[in-house]
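Asker: Kindly generate the complete structure, drawing on both the sequences and the hints.
Chain order of the listed sequences is Y and S.
Read in order, the letters of the first sequence correspond to residues 1 to 480 in this note's numbering.
Read in order, the letters of the second sequence correspond to residues 481 to 700 in this note's numbering.
Rather than coming from a laboratory, the hints here were simulated on the basis of the structure.
Fair warning: this is a prediction, and the values are worked out from it, not measured in the lab.
A hint or two may mislead.
[Stated by the list, open to error] Straight-line distance between alpha carbons at most 27 Å, and here's what the computed DSS-like set of lysine-lysine pairs gives:
(1) S/Lys674 <-> S/Lys583
(2) S/Lys563 <-> Y/Lys357
(3) S/Lys592 <-> S/Lys558
(4) S/Lys641 <-> S/Lys553
(5) S/Lys563 <-> S/Lys592
(6) Y/Lys231 <-> Y/Lys70
(7) Y/Lys213 <-> Y/Lys196
(8) Y/Lys357 <-> S/Lys641
(9) Y/Lys109 <-> Y/Lys228
(10) Y/Lys196 <-> Y/Lys70
(11) Y/Lys98 <-> Y/Lys231
(12) S/Lys589 <-> Y/Lys357
(13) S/Lys527 <-> Y/Lys357
(14) Y/Lys175 <-> Y/Lys160
(15) Y/Lys357 <-> S/Lys695
The residues making up each chain are set out below.
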Amino acid sequence: MNNLNSWLFWPDQVALSVLALFFLLTIFLYAARIPAHNVIISLCSLAGHALRFTASWLLLTAEGLRQRNKTVLLAHGQAEVTSQIEREFERVTALVRKELGEYPALQRKMMDELTRIEEDYLKCGEVPPPTPEWVEALSTIANLKSGGDIAKKLLEDLQKSVQKVHDKTISEYRKSYEGRHKILKSLMPVWRSVDKSVKNIDANMVNLNANAKAIDTHMARYEEMRAKTDKSEHTLAISAFVQLGISSLVMMIAVGGAFINFKLIALPMSEMVGASDYITNSLRTSDVAALVIVLMEATMGVFLLESLRITHLFPTMSSMNDQLRRRVMWAALILLLILAGIESSLALMRDMLIADKAAMLHDLSTVQPVASDSLLTHIPMVGQMVMGFVLPFVLAFVAIPLEVAVYSLRTVAGVVLVMLMRAISFALRFLAMIFNRLGRILVNIYDITIVLPLLVERWVIGLRGSVPAKASDLKTGRAS
Amino acid sequence: MKFAKYLLVVLLALPLVLSGCADNRSHTNGVYVLIDTSGTYTQQVTKARTIINYLLANLNAGDSLAVAKVESKSFSEKDIIAKVTFDRRPSQANLEKRAFNQKIEAFAKNVKGSAFTDITGGLIQAAEYLNEANPGNKTIIIFSDMQEELGKGTVRDFPIKLTGIRVMAVNVTKLSTDNTDPRRYLDRLAWWEKRVRDAGATDWSVINDLEHLDKVLGNQ
Numbered sequence: 001m002n003n004l005n006s007w008l009f010w011p012d013q014v015a016l017s018v019l020a021l022f023f024l025l026t027i028f029l030y031a032a033r034i035p036a037h038n039v040i041i042s043l044c045s046l047a048g049h050a051l052r053f054t055a056s057w058l059l060l061t062a063e064g065l066r067q068r069n070k071t072v073l074l075a076h077g078q079a080e081v082t083s084q085i086e087r088e089f090e091r092v093t094a095l096v097r098k099e100l101g102e103y104p105a106l107q108r109k110m111m112d113e114l115t116r117i118e119e120d121y122l123k124c125g126e127v128p129p130p131t132p133e134w135v136e137a138l139s140t141i142a143n144l145k146s147g148g149d150i151a152k153k154l155l156e157d158l159q160k161s162v163q164k165v166h167d168k169t170i171s172e173y174r175k176s177y178e179g180r181h182k183i184l185k186s187l188m189p190v191w192r193s194v195d196k197s198v199k200n201i202d203a204n205m206v207n208l209n210a211n212a213k214a215i216d217t218h219m220a221r222y223e224e225m226r227a228k229t230d231k232s233e234h235t236l237a238i239s240a241f242v243q244l245g246i247s248s249l250v251m252m253i254a255v256g257g258a259f260i261n262f263k264l265i266a267l268p269m270s271e272m273v274g275a276s277d278y279i280t281n282s283l284r285t286s287d288v289a290a291l292v293i294v295l296m297e298a299t300m301g302v303f304l305l306e307s308l309r310i311t312h313l314f315p316t317m318s319s320m321n322d323q324l325r326r327r328v329m330w331a332a333l334i335l336l337l338i339l340a341g342i343e344s345s346l347a348l349m350r351d352m353l354i355a356d357k358a359a360m361l362h363d364l365s366t367v368q369p370v371a372s373d374s375l376l377t378h379i380p381m382v383g384q385m386v387m388g389f390v391l392p393f394v395l396a397f398v399a400i401p402l403e404v405a406v407y408s409l410r411t412v413a414g415v416v417l418v419m420l421m422r423a424i425s426f427a428l429r430f431l432a433m434i435f436n437r438l439g440r441i442l443v444n445i446y447d448i449t450i451v452l453p454l455l456v457e458r459w460v461i462g463l464r465g466s467v468p469a470k471a472s473d474l475k476t477g478r479a480s
Numbered sequence: 481m482k483f484a485k486y487l488l489v490v491l492l493a494l495p496l497v498l499s500g501c502a503d504n505r506s507h508t509n510g511v512y513v514l515i516d517t518s519g520t521y522t523q524q525v526t527k528a529r530t531i532i533n534y535l536l537a538n539l540n541a542g543d544s545l546a547v548a549k550v551e552s553k554s555f556s557e558k559d560i561i562a563k564v565t566f567d568r569r570p571s572q573a574n575l576e577k578r579a580f581n582q583k584i585e586a587f588a589k590n591v592k593g594s595a596f597t598d599i600t601g602g603l604i605q606a607a608e609y610l611n612e613a614n615p616g617n618k619t620i621i622i623f624s625d626m627q628e629e630l631g632k633g634t635v636r637d638f639p640i641k642l643t644g645i646r647v648m649a650v651n652v653t654k655l656s657t658d659n660t661d662p663r664r665y666l667d668r669l670a671w672w673e674k675r676v677r678d679a680g681a682t683d684w685s686v687i688n689d690l691e692h693l694d695k696v697l698g699n700q
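Answerer: This is how it looks when you write it as structure tokens:
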């Protein structure tokens with residue numbers, strides 16, 4: 001209130017003082033109108049220009065970043081497709097080497113089998129039974145004009161001989177057929193073998209065809225990447241997003257496993273490093289020690305998979321010679337085994353500690369429970385021990401999703417950053433536009449505050465030059 | 481390669497960060513239980529065991545616990561029935577808890593009533609023990625009717641020092657005179673609260689329902 005009074009000319013007459021102040025302020029604002037307008041316009045314009053400049057810079061930077069991302073993404077994609085093509089070629093090579101290497105032997109075998117089939121086929125060709133000579137004899141006898149008993153006897157003898165010959169012929173014919181059937185029967189395995197060989201060749205050809213198609217697809221992708229098309233970039237970016245999502249999901253599951261792992265060894269670690277030491281207000285030393293053990297297991301797993309060349313997180317390890325790499329692999333495996341053993345024994349210790357505490361609480365309680373030594377009490381203990389041993393090995397496989405996450409995160413982060421920069425650039429441009437308009441709005445608001453002197457000014461100008469003004473207005477109106 | 485470098489830097493910096501964050505404050509609990517053995521209150525010793533059992537079940541490795549009786553003149557180490565600072569290893573701490581429980585059991589069987597009640601002397605002795613053990617949280621539990629009766633020549637009308645110690649009166653039974661005039665009971669509690677707070681105690685509370693013992697170690 002005292003402050004307000006200090007602004008009043010006549011503190012006793014507030015209304016008059018405020019009126020006087022308003023009058024003075026209006027005069028001042030009217031006098032400073034043109035410079036004030038200039039200042040407002042300049043400031044808004046300055047802010048607008050600065051914002052637009054920043055937006056342009058951001059857009060340019062985003063474009064540069066996008067180009068860099070594209071280069072890295074395409075290079076990574078090309079490397080990936082190259083390795084896939086190489087793998088397909090390796091498969092084709094293995095198939096061709098294996099199958100074509102055996103082709104001379106196979107061909108020889110098939111030729112032998114075909115020759116045998118042909119020979120056997122010829123052997124089993126049907127031999128017509130010999131033409132019975134008795135037909136002609138019969139017709140001769142039948143043509144005898146006189147004969148009587150002689151002819152009858154002859155015919156009877158002939159019948160007997162014919163019957164004998166017929167029986168003999170039939171028997172030989174049957175024997176011959178039996179022989180041919182045997183030959184045909186012995187042909188069956190040969191046929192089957194030929195059929196199998198042909199089917200194998202067919203299956204190999206199908207595989208080869210599939211490999212060739214896969215190579216074609218990869219080559220098409222590779223060519224697109226070489227051409228640096230937007231489609232290939234888009235495909236690779238989406239693939240990176242998907243890979244990051246999947247690997248994150250798997251890693252979350254792995255984190256759950258690590259948490260269970262941690263819980264198994266946190267309590268027994270307090271037996272080793274003490275339960276009353278704290279690192280921070282709520283972080284026990286024993287918890288940190290347990291966490292370190294779990295992280296060491298994960299690290300050993302990463303090294304193991306790296307030395308097995310399943311992952312490629314460390315170029316140093318990839319470029320090691322095979323002997324050294326094998327040593328690292330054995331070292332990682334042995335350390336992992338030791339850690340798994342330690343964890344298994346810690347899990348056993350955990351069970352013993354819990355049982356000990358439970359026994360102590362039973363001692364303190366007034367009602368003594370009946371001690372149980374059934375199989376059910378041993379199952380959790382064995383389960384904990386098995387989990388303690390197995391979980392480190394399960395955790396080792398986290399290296400695979402970790403590698404995928406690391407590589408795809410770079411792409412995803414780059415894409416998100418570019419999008420963010422573009423969004424900020426758009427927002428800045430929008431702000432710049434608002435500032436430009438704001439200048440005019442502020443000028444108009446300024447004029448509203450001094451509307452009275454402005455009206456007076458217009459009136460005076462109107463009085464002084466009403467005629468010439470009207471004439472000039474008319475002129476300009478006509479001209480327009 | 482860059483990632484490996486960053487990982488190396490982070491791993492190297494981790495011990496420094498952790499050592500910087502190291503918390504040197506003590507997070508242990510120290511509890512001193514004073515058990516009134518005067519007159520008819522001797523019969524309440526069984527209830528005192530409930531509290532002690534609760535403490536034994538809930539105190540952790542590294543914590544301290546002492547149980548002392550309040551007699552005619554209680555400013556003496558002789559009145560301490562059992563005291564222990566539990567080992568840092570939970571298994572060893574469990575063994576110590578069992579031994580402690582046995583001592584308390586023996587005391588409860590052979591407890592004898594005393595003519596006078598020197599609560600102030602017990603408080604001074606408790607504060608001395610807790611300050612020596614120096615746990616993170618210091619608590620004195622007084623298991624008494626809070627009726628101080630001093631023998632001839634015992635001087636206790638001077639300011640005591642209970643800085644940083646939480647004091648709890650448990651199972652404060654009503655005397656026959658309190659039943660006649662409840663204001664006596666309330667005035668007695670108010671007097672002790674004032675005395676304890678003036679002595680610099682961080683908190684004063686009264687627990688008569690032994691079903692709510694979770695307050696003993698909670699909210700510290």
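Asker: Now tell me if each hint is right for this structure.
Answerer: Hint check results:
1. The straight-line distance between the Cα atoms of S/Lys674 and S/Lys583 is roughly 34 Å, outside the 27 Å bound, and the hint therefore fails.
2. Note on S/Lys563 and Y/Lys357: the hinted pairing holds, with a Cα-Cα distance of about 20 Å set against a maximum of 27 Å.
3. For the suggested pair S/Lys592 and S/Lys558, the alpha carbons sit about 15 Å apart, so the restraint of at most 27 Å is met.
4. This hinted pair checks out: S/Lys641 and S/Lys553 have alpha carbons roughly 18 Å apart, not beyond 27 Å.
5. Only pairs whose Cα atoms come within 27 Å are accepted, and S/Lys563 paired with S/Lys592 is accepted, the gap being roughly 20 Å.
6. Between the alpha carbons of Y/Lys231 and Y/Lys70 the distance comes to roughly 11 Å, so the proposed pair stays at or under 27 Å and holds.
7. The hinted pair formed by Y/Lys213 and Y/Lys196 meets the criterion: a straight-line CA distance of about 25 Å does not exceed 27 Å.
8. Proximity of Y/Lys357 to S/Lys641 is assessed by CA-CA distance (about 37 Å); at most 27 Å being required, the pair is judged violated.
9. A distance of roughly 52 Å separates the Cα atoms of Y/Lys109 and Y/Lys228; the hinted pair therefore is violated under the 27 Å criterion.
10. Distance check on the hinted pair: Y/Lys196 and Y/Lys70 sit about 51 Å apart at the alpha-carbon level, beyond 27 Å; violated.
11. Taken as a hint, the Y/Lys98 and Y/Lys231 pair is broken in the structure, with Cα atoms around 39 Å apart against an allowance of 27 Å.
12. For the suggested pair S/Lys589 and Y/Lys357, the alpha carbons sit about 26 Å apart, so the restraint of at most 27 Å is met.
13. Taking the CA atoms of S/Lys527 and Y/Lys357, the gap is about 23 Å. The hint holds against a cut of 27 Å.
14. Under the criterion of a C-alpha separation no larger than 27 Å, the hint pairing Y/Lys175 with Y/Lys160 is consistent with the structure, at around 22 Å.
15. Of the pairs offered as hints, the one joining Y/Lys357 and S/Lys695 holds, with about 22 Å between alpha carbons and a cut-off of 27 Å not exceeded.
In summary, the structure is inconsistent with hints 1, 8, 9, 10 and 11 from the numbered list given earlier, while agreeing with the others.
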